[in-house]
Amino acid sequence: MLLEEVPVAVDSFNHDGGVLFFCSHAHEDHLKGLNKKWRKGPLFASAITRQLLLLKWPSLEITALELGRTYQIPLMDGLEIEVYLIDANHVPGSVMFLFSGYFGSVLYTGDFRLHEKHQDIASLAPVRDLVGPFLQVNFGSFSKTGDKGLSRIYLDNTFCDPRFQQPSREDVAAAISKRFRRKWPCIIFVESYRLGKETLLLHLAQKLRSRVLVSEERKKTMRACGFESDQVQIQSCDPLQASEDLLQTEALRGCIWAISRQNLRKGMWQASDSGCAFHGIRATGWAEQARKEESMPSCEDLDENLVAVSDDGVFHYLYSDHCSFLELVQFLQFLPKAPVTFISPVGSSEGTYSFDGADGIQKLMASASVPSIRYSERPTRCFEKTSLPRAKRKAEGPHEEDGYEQKKSAGA
DNA sequence: GCGATCAGCT
DNA sequence: CACAGCTGATCGC
Numbered sequence: 054m055l056l057e058e059v060p061v062a063v064d065s066f067n068h069d070g071g072v073l074f075f076c077s078h079a080h081e082d083h084l085k086g087l088n089k090k091w092r093k094g095p096l097f098a099s100a101i102t103r104q105l106l107l108l109k110w111p112s113l114e115i116t117a118l119e120l121g122r123t124y125q126i127p128l129m130d131g132l133e134i135e136v137y138l139i140d141a142n143h144v145p146g147s148v149m150f151l152f153s154g155y156f157g158s159v160l161y162t163g164d165f166r167l168h169e170k171h172q173d174i175a176s177l178a179p180v181r182d183l184v185g186p187f188l189q190v191n192f193g194s195f196s197k198t199g200d201k202g203l204s205r206i207y208l209d210n211t212f213c214d215p216r217f218q219q220p221s222r223e224d225v226a227a228a229i230s231k232r233f234r235r236k237w238p239c240i241i242f243v244e245s246y247r248l249g250k251e252t253l254l255l256h257l258a259q260k261l262r263s264r265v266l267v268s269e270e271r272k273k274t275m276r277a278c279g280f281e282s283d284q285v286q287i288q289s290c291d292p293l294q295a296s297e298d299l300l301q302t303e304a305l306r307g308c309i310w311a312i313s314r315q316n317l318r319k320g321m322w323q324a325s326d327s328g329c330a331f332h333g334i335r336a337t338g339w340a341e342q343a344r345k346e347e348s349m350p351s352c353e354d355l356d357e358n359l360v361a362v363s364d365d366g367v368f369h370y371l372y373s374d375h376c377s378f379l380e381l382v383q384f385l386q387f388l389p390k391a392p393v394t395f396i397s398p399v400g401s402s403e404g405t406y407s408f409d410g411a412d413g414i415q416k417l418m419a420s421a422s423v424p425s426i427r428y429s430e431r432p433t434r435c436f437e438k439t440s441l442p443r444a445k446r447k448a449e450g451p452h453e454e455d456g457y458e459q460k461k462s463a464g465a
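Position in the first sequence (first residue = 1) + 53 = the numbering used here.
Just so you know, not all the hints are guaranteed correct.
Distance condition first, Cα-Cα at most 30 Å in a straight line; then the derived DSS-like pairs of lysine-lysine [claimed, not checked]:
hint, residue 1, residue 2
1, Lys236, Lys109
2, Lys170, Lys272
3, Lys90, Lys273
4, Lys319, Lys109
The following label-pair restraints were derived from C-beta to C-beta distances [said to hold, decoys possible]:
hint, residue 1, residue 2, range
5, Ser313, Glu169, 26 to 34 Å
6, Gln386, Ser112, 21 to 29 Å
7, Leu55, Ala330, 45 to 53 Å
8, Asp69, Ala330, 51 to 59 Å
Rather than coming from a laboratory, the hints here were simulated on the basis of the structure.
The structure displayed is predicted, hence computed values, not measured ones.
Backbone N, C-alpha and C fix where the C-beta goes; we use that ideal spot for every residue, glycine too.
Input sequences plus hints: build the corresponding full structure.
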C-alpha cells in the first residue's frame with residue numbers, strides 16, 4: 054500500500070510513485086511486484102525478512118533495519134523521514150513501521166498479533182512528542198485538543214469482526230502438546246505455510262522431547278530466522294519422498310513433521326499405507342468453519358482449544374498469527390486516537406462463512422473510539438462463469454477500485 | 001524459451 | 001469464504 058501522507062510504499066512494490074519501499078514480512082502476498090530485477094527505489098526490511106528475501110532473490114539490494122531504534126532516511130528535496138521498527142509478533146521477522154516527519158507520525162502495523170510490548174508504542178518519541186506541532190497546523194480535528202500522537206494508523210484488519218475470539222497461541226500450543234502426549238509416539242504432521250508456525254513446531258518437539266522434520270527449503274528458512282538451537286533438532290526430510298521404512302522408524306520414535314497444506318492428505322495416506330501411527334494438525338485462524346463442517350470429537354475427548362476433528366483424522370485448532378477482534382480494540386486503546394486505514398479490503402456479508410465487514414467496522418469504531426475508518430472494498434465475487442479468454446475480458450475494461458470512509462458521526 | 005504475472009482454486 | 005499459498009495458462013521480454 055502506498056501511504057497517503059508520504060511517498061512510501063509498504064508491502065507493495067509496483068508503485069512508480071513510491072520513493073522509499075518497506076517490507077513488513079516475507080509472506081508471498083506482501084511481496085507483490087518484487088522480483089530479482091526489481092530496482093524501483095531503496096528497499097528496507099528487518100534483518101530476518103531481508104535474509105528471507107535474499108533466499109528467494111539473492112541479487113536484491115535490501116537495507117536491514119534493527120528493531121527499537123530510530124533511523125533517518127533521506128526522502129527527497131532535502132526532506133527526510135524517520136522510521137522505527139516494532140516487533141509485530143506475526144511471523145519471524147515481521148515488523149510494524151512507525152514513520153515520522155513533516156507529515157506527522159504514521160503507524161503501519163502490517164500483519165500483527167497483539168503483544169504486551171505493543172503498549173509501549175504510545176510512549177515512543179515520535180508518538181509522544183514530535184507530532185503535536187504538525188497536527189496543530191495540518192489537521193483541524195486534532196488542533197482543538199492539541200493532542201500529540203498519530204496522524205494515521207494503517208491497521209491489520211484481517212479478523213476485524215467480534216466473532217473472531219481466538220485464544221493465545223501459547224494456550225493452544227500447550228493444549229496440543231497435552232493432547233498428543235497421550236498419543237505418543239507417532240508422526241504428527243503439522244500443516245504449515247512456508248513461513249510461520251515455527252514456534253508451534255518447536256514447542257511440540259520440546260514438550261514431546263522430539264525433533265522437527267521439515268523440507269530442505271524450510272530448513273533454510275528456519276536457519277535464516279535464527280531457529281537453529283541445541284534444544285531442538287531440526288532435520289530436513291520430505292514426507293512424500295520418505296520410504297516406508299523411514300516412515301515406520303519415525304512413527305516408532307515420534308516426530309513433528311511440517312507439511313504443506315496440499316501435501317497433508319498425501320502424507321497421511323502414505324503413513325497410513327505404511328501402517329504407521331500418525332496424526333494431522335491444522336492450526337489456523339479460520340478453524341471456526343471446520344467446527345461447522347466436520348464432525349466433532351466425542352465428548353470425553355473434548356478440550357477447550359480443540360475445534361474439531363475431521364473424518365480423516367485431522368485435528369483442527371484455532372491458532373492465529375493475527376489479532377482477535379478484542380486484541381484489535383485493545384491495541385487501538387493503547388494508542389492515541391487517530392483515523393484508521395484498513396490494510397486489507399473489506400468484503401460484504403455474502404457467503405456462508407464470510408463475516409459482515411461493515412458490522413466489524415461499526416463495532417471497532419464504537420469499541421475503540423476510532424474517529425474514522427478508511428478502507429477499500431473487495432471486488433464482489435463474480436459467480437457467473439465466463440468462458441471468454443483473458444485477453445477478451447481484459448479488453449472490456451478494468452473496474453474502478455472504490456474507496457470508502459466511514460465517520461464516527463455517521464454511525465449509530 | 002523462460003521468467004513474470006494472472007485466473008482460479010482451496 | 002481464504003490466514004497464504006499452489007497450479008497451470010498466458011503474457012511479454
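Cross-check of the supplied hints:
The straight-line distance between the Cα atoms of Lys236 and Lys109 is roughly 38 Å, outside the 30 Å bound, and the hint therefore fails. Taken as a hint, the Lys170 and Lys272 pair is honoured in the structure, with Cα atoms around 29 Å apart against an allowance of 30 Å. With a C-alpha separation of about 22 Å, the suggested pair Lys90 and Lys273 falls inside the 30 Å cut-off, and the hint holds. Note on Lys319 and Lys109: the hinted pairing holds, with a Cα-Cα distance of about 26 Å set against a maximum of 30 Å.
Checked against the hint of 26 to 34 Å, the pair Ser313 and Glu169 passes, with Cβ atoms roughly 32 Å apart. Between Gln386 and Ser112, the C-beta spacing of about 44 Å breaks the proposed range 21 to 29 Å. Distance hint check for Leu55 and Ala330: the Cβ-Cβ separation is about 52 Å, which falls inside the suggested range of 45 to 53 Å. As the Cβ distance of Asp69 to Ala330 is approximately 56 Å, the hint placing it in 51 to 59 Å holds.
In this structure, the earlier hints numbered 1 and 6 are contradicted, and the remaining ones agree with it.
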